[in-house]
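Chains as they are written, first to last, in my numbering: chain A, 3 to 144; chain B, 3 to 144.
A few of these clues could be false.
Given that identical chains are not distinguished, each listed pair holds provided it fits within a single copy or across any two copies.
[What the hints assert, rightly or not] As a list, the in silico BS3-like pairs of lysine-lysine whose alpha-carbon atoms are at most 25 angstroms apart:
#: 1; residue 1: K69; residue 2: K133
#: 2; residue 1: K65; residue 2: K133
#: 3; residue 1: K33; residue 2: K65
#: 4; residue 1: K69; residue 2: K121
#: 5; residue 1: K121; residue 2: K66
#: 6; residue 1: K121; residue 2: K133
#: 7; residue 1: K121; residue 2: K33
#: 8; residue 1: K33; residue 2: K138
#: 9; residue 1: K121; residue 2: K138
#: 10; residue 1: K66; residue 2: K33
#: 11; residue 1: K138; residue 2: K66
Just so you know, the hints here were simulated from the structure itself, not pulled from any lab data.
There are 2 protein chains.
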Amino acid sequence: MADQSAIEEGLSFAPQFGADGLVTAVVTDAKSGDVLMVAHMNEDALRRTIESGEAWYYSRSRKKLWKKGESSGHVQRVVELRVDCDQDALWLKVEQLGPGACHTGRRSCFYRAVPLGQKGAVTLEFRDGDKTFDPKAVYGKS
Amino acid sequence: MADQSAIEEGLSFAPQFGADGLVTAVVTDAKSGDVLMVAHMNEDALRRTIESGEAWYYSRSRKKLWKKGESSGHVQRVVELRVDCDQDALWLKVEQLGPGACHTGRRSCFYRAVPLGQKGAVTLEFRDGDKTFDPKAVYGKS
C-alpha cells in the first residue's frame with residue numbers, strides 16, 4: 003500500500019481499487035447538486051472517463067464495462083471529477099443528458115426516502131418518484 | 003434475494019447489505035449540496051441512524067461501529083435519508099456540525115480534482131483544499 007500521507011496530501015493520483023478491482027463513484031447533477039446514482043469503476047472505466055470526459059462504469063451485476071448512455075443515449079458529461087482523502091471514492095459532477103439517470107425511468111436513483119425516528123420495520127416514502135421516461139421504450143425490454 | 007420489482011418500486015425498506023454486511027452511504031451537505039464523504043453502514047449503524055437522526059457508520063479499517071463526531075464533536079444531523087433503486091446505497095443529506103467532516107481537517111473529503119482529458123499519469127489539483135480545523139488538536143494524534 004502506498005504511504006498514507008502521500009495518498010491524502012499528495013498530488014499523485016493513485017486510486018485505491020478494492021479487492022474486487024473497483025472504486026465507488028458518486029454521481030451528482032452539476033446544476034441541482036442532487037445525487038443521481040452510485041456506481042463503480044474499474045481501472046479501464048476510470049481511464050476512459052478521464053480521457054473522454056464522459057462517464058464509463060463497471061457493472062458488477064453484468065460483469066462488464068459500460069458507457070453510461072450506451073443503450074439509452076443518456077450520456078453523462080463530466081463537469082468535474084474529484085477524489086476523496088484516501089483515494090478509494092470518486093465524485094463526478096455531471097451534466098446528465100436526456101431525461102434521467104436511473105434505469106427505472108427516473109431522473110435520480112434516489113427516489114424514496116427513509117423516514118427517521120422509527121423503530122422496527124420501516125416504510126419508505128416516494129420523493130421525486132415520478133418517472134421522466136419509459137424504461138421499456140428506452141431500453142427495449144421490461 | 004428479494005423480488006427485484008419489490009425492491010425497486012415497493013415501499014418496504016429492504017437494504018441489500020453486501021457480502022461484507024455493508025451498504026454504501028453518500029453524505030452531502032444539506033445546504034451546499036457538496037459531497038462531504040462516502041462511508042459504509044452495517045445493519046446496526048443504519049438502525050441507530052434511523053432511530054436517532056444522527057449518522058452512525060461502520061469503519062472498514064478499524065472494524066468497528068462509530069458515531070460520526072464521537073471523537074471530534076463534528077456530529078452529522080440527518081436532514082433526509084434516501085435509498086437508491088436497488089437498495090444497496092444510501093444518501094444522507096446532513097447538517098454537518100463543526101468545521102468539517104474529513105479526518106484530514108477539511109470540510110469535505112473531496113478536496114482534490116482529477117483533471118480531465120489527460121492520458122497516462124495524472125496530477126491532482128487542490129480544490130477547496132484549505133484546512134478548516136487542525137486534526138491533531140481535534141483527534142489528539144497525528
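Self-check item: Hint check against the structure, violated hint numbers in rising order
Solution: 2, 3, 6, 7, 8, 9 and 10
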